[in-house]
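Using the numbering used here, the first residue of the sequence shown is number 8, and each one after it goes up by one.
Source of the hints: derived by calculation from the structure; they are not laboratory data.
Not one of these hints is a red herring.
In silico SDA-like cross-links for lysine to any residue, where the CA-CA straight-line distance does not exceed 25 Å:
no. : residue 1 : residue 2
1   : K507      : Q521
2   : K169      : E684
3   : K452      : V417
4   : K45       : K88
5   : K412      : S513
6   : K446      : K504
7   : K420      : S513
8   : K169      : R285
9   : K179      : V158
10  : K729      : S669
11  : K165      : T178
12  : K215      : T630
13  : K716      : D353
14  : K530      : R516
15  : K165      : T293
16  : K59       : L22
17  : K334      : T293
18  : K179      : S189
19  : K648      : S537
20  : K463      : R492
21  : K334      : N731
22  : K334      : L22
23  : K529      : R416
24  : K773      : T762
25  : K490      : Q503
26  : K466      : P486
27  : K412      : A75
28  : K137      : T464
29  : K59       : V28
30  : K716      : E681
31  : K130      : T531
32  : K420      : T630
33  : K45       : G84
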Amino acid sequence: MDDVKHLRNLNDAQLAAVTFVPTTPLQILAGPGSGKTKTLICRIAHLISHHKIHPSRIVAVTFTNKAANELRNRLDGLIGKAEASSVVLGTFHAICARLLRQHGSEINLPRNFSICDADEVKKIINGILKDMVAAAGLHGSNKRIEVRDSVAVEYISKAKSKGLSPDDLETKAQRDIASKESLPKGEADPQFMLQVSSIYAEYMKVCKNNNALDFDDLLTYGVKLLQTKPSCIDYEHVFVDEFQDTNTTQLQLMKHFAARHGNVSIVGDPDQSIYGWRSAEIENLTRMIKLFPGTKQVFLEDNYRSTGAILAASLAIISEDTTRPPKTLRTSHPYGVTVTIGNCADEHEEAVCIAEEIKRLKLISGGLLKWSDFAILLRFNALSRNLETALQKMGIPNRILSGQKFFERVEVKDLLAYLQLIDNPNFDPAALRVLNVPKRNIGNKSVEELRKRASKTGKPVMHTVEKIVDGRIPDISPPLRSKAREFIQTMRDLRQKAIKGISVASLIRELLMQLDYAEHLKKTQPDWESRWENVRELITFATESSTAQVSSQSNSVQDDDSSSTDAADVTRATTTASLLKEDKQAGLVDGDLWEDTSPLPGEDSSLSDELESTNPLRVFLETTSLSTDVVANDEDAENEKVIISTCHAAKGLEWPVVFIPSVERGTYPFYRSEDTEEERRLLYVACTRAQVLLYLTHAARRKLGGDSKEAELSEFLTVVMKKNKNLFTSNKPILGHKEFSLLSKVLGRPAPEATAVQQGVQEYYKVQATSTAPAANTGGVLPQPAPNGYSQGQSTNRTFKFKNMSTEQTQHSQGAMPAVFTTARSVVGSLPPVQITPSNKVSKPIAAPSTQTLQTMWATTSTTVSRVNPTIGSGYTPGNASVASVSSHHQIRAGTAASARPSHAAVASSQPIQAPRGQFSFSSAASSLSQPSTSSSTSQTASSSEPPAKVAGTKRRLGMSARGPEFPRKK
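All chains, full assembly: derive it from the sequences and hints.
Here's what the structure looks like:
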């Protein structure tokens, strides 16, 4: 391994963090796009290569499986696959699950526990609520159960994340009731919490009877295990990524992981703490300093993702949070295109205009931008409806990020439920799911009756069904014995095969055959072919998992005279049988559930706890249960599509172009949120996902709950705009040669050829022509190409206007319209005709510029501008200087105006961007437009220092700038 490979291409701050002494606790506070993952990986490699710490004594905790896989892959490239595979790497939940499988008996936890997903937890809570309602009616109680299942799940999860037991909740509720004092804001009613505490207590009993843990239990039981047996781990150095998202229990786990040596390195950003609703506590950054005295901080402040304009606007927003640690960001890119703020009439117009702008940018980029380079980030999912409709109508492919997960699909969950029952017959959620899958004429009434009887006896559902089938307890009504006999026989047969060590893939194939599951899909699912492909993919996943385990086991157990496969089969069978016997002897497994099986093989074997981790079925189920961020592979997943995502789901991702709709009061901050500063951080996170272009839009009116109500721009933006008017613009971005060059540099792609841009613009003209009525015969007057790439057509009343930034900007030019972000139809309808010479005279309008014209527009750098419509100037120009908007384009980019922004070199320097400071002041695109001359055939040269000429006879309307008398007023 190259000892210095991991130190190459690091900036000063990253190098300092990577080489920091391992015996000092370290906080690496890294802003968005600052290379924090790279820094974390390089520090791990440095500890292994330079400080000679064995990889198996390093634990690195991430918050998603995707992040863990990325870390593992990048470590492979730095230190080699062998050493990288030895690093203990995964989420808190995965690491705790692994420890509990190996050492769970230390806290009386059976090794074959099942992991409940969110849907299964909700079903358990639902059953508890039904029983509580029935019990209240039976005893004549008038006390209503006012807790919904989803609310109970939320409060129980929050209690566990804070390390609170049911008794703790009940004690606090009783104390609050007795005190009769007003509760702090956000505190729930104590009577309500008293009911939650009783539901919580019953839920814990059900989970224990089911031999099941939920995701929060993995952490709380992990803490309990490390408190009981701290010697079960020996980590020399602990890494935690995204530390600002940790909760109380996770902080305790980190403390236990580092208890022996005290060496901790965390990576986080307090400005990106957006998961308070998941009980994340930003205060953990301060608590860590108290837990680990002498903690040092290193700041990563060089941003490699976004342009200076996006970074300046984002920092201005987050800087209004006065409680944040004082830190800034420096951009490594030029200033780029100013952030756009748009104001629409309503949510429908907002969606249409976003869709039109996406199509415009896609086509005029000459192939540089793909559909997947665009993202629309929402505060909540319900905002997607209008956007999806608008994108669909314009033929723009799109998909929802974090759609249905692969392991959440119906057919996959059915098969996993069977496998869970084979491994853990106590698990009621799985039993209740598959009792009638495939159909066995066991109706919902019978299933509910079984659940009630099992709940009364305190025995699992499968125990009750087996006893009924064997005739050892009375049947239920309607009768169940004959209907469930084949089901029980199948489960006993498969359970025996699993104990004998059959591979998971073979077990699934056997299950499919005995259930005739393919026929079940054909009868119940119209898209059964695609669902069967998901079944096949599950088998593939099981095969890959088994291959990896066989490879690992064969290294440690195979003899010279036996094959690796034989050795692995022996190990699996012996592991399962021996550990099952241990759990039965310890009273951790109900023996009745296994009394119908044949004698267990290998009962004389004595295996270490570590062999439990090689149980193929258990490892497979654990992997599927914890794969909460594996998205299903749709048939067209490889196709390029515009991404629609929530802001929360977008964290850690980036796109060249980002749209953030509904930036309004009530959305940012969200009206139900109790933490305004977290809402501000959420908007900051959304903005910093953009690399080159960022659009923030809002509506004058928005329909909420069926009622159309007035909407106002978010206070997060209005307060910034009062302090610095130049961080945002009301105009569409002008995209020319410089902008495309910057875009290609940021994306690492070749700049588009002039001919490709020309073809894209031509195509866009054609698209617009099909959706607009033809202009009247001009009789020798050529319609002027709009600078934003639109062709001339009939105007409509629908406009996409951008709210005026300030009074000064509104009044900067009496003849210009600074607050216009207009759709194609409304822009082109107001274009004034331009007289042409007789030699070029035509008898009908031309819908698109010629090839020669477009090439000239792309290549020219002249500041000569033809007569310009004063209401236009913020659209597309396929070059540094188009015939329509070159004056404003060059004035902004050359910085010749008095209020022009600094040069690219100044922005890209090492000086930090302190927002809001106003150093990125520049004139609006519309503010520098030359006004039309009185002669329709004369061209004029634009002067960046010369104020625009006044247009006589202008009038101002609400929400609009002045219009000349030649423009008819719209109704």
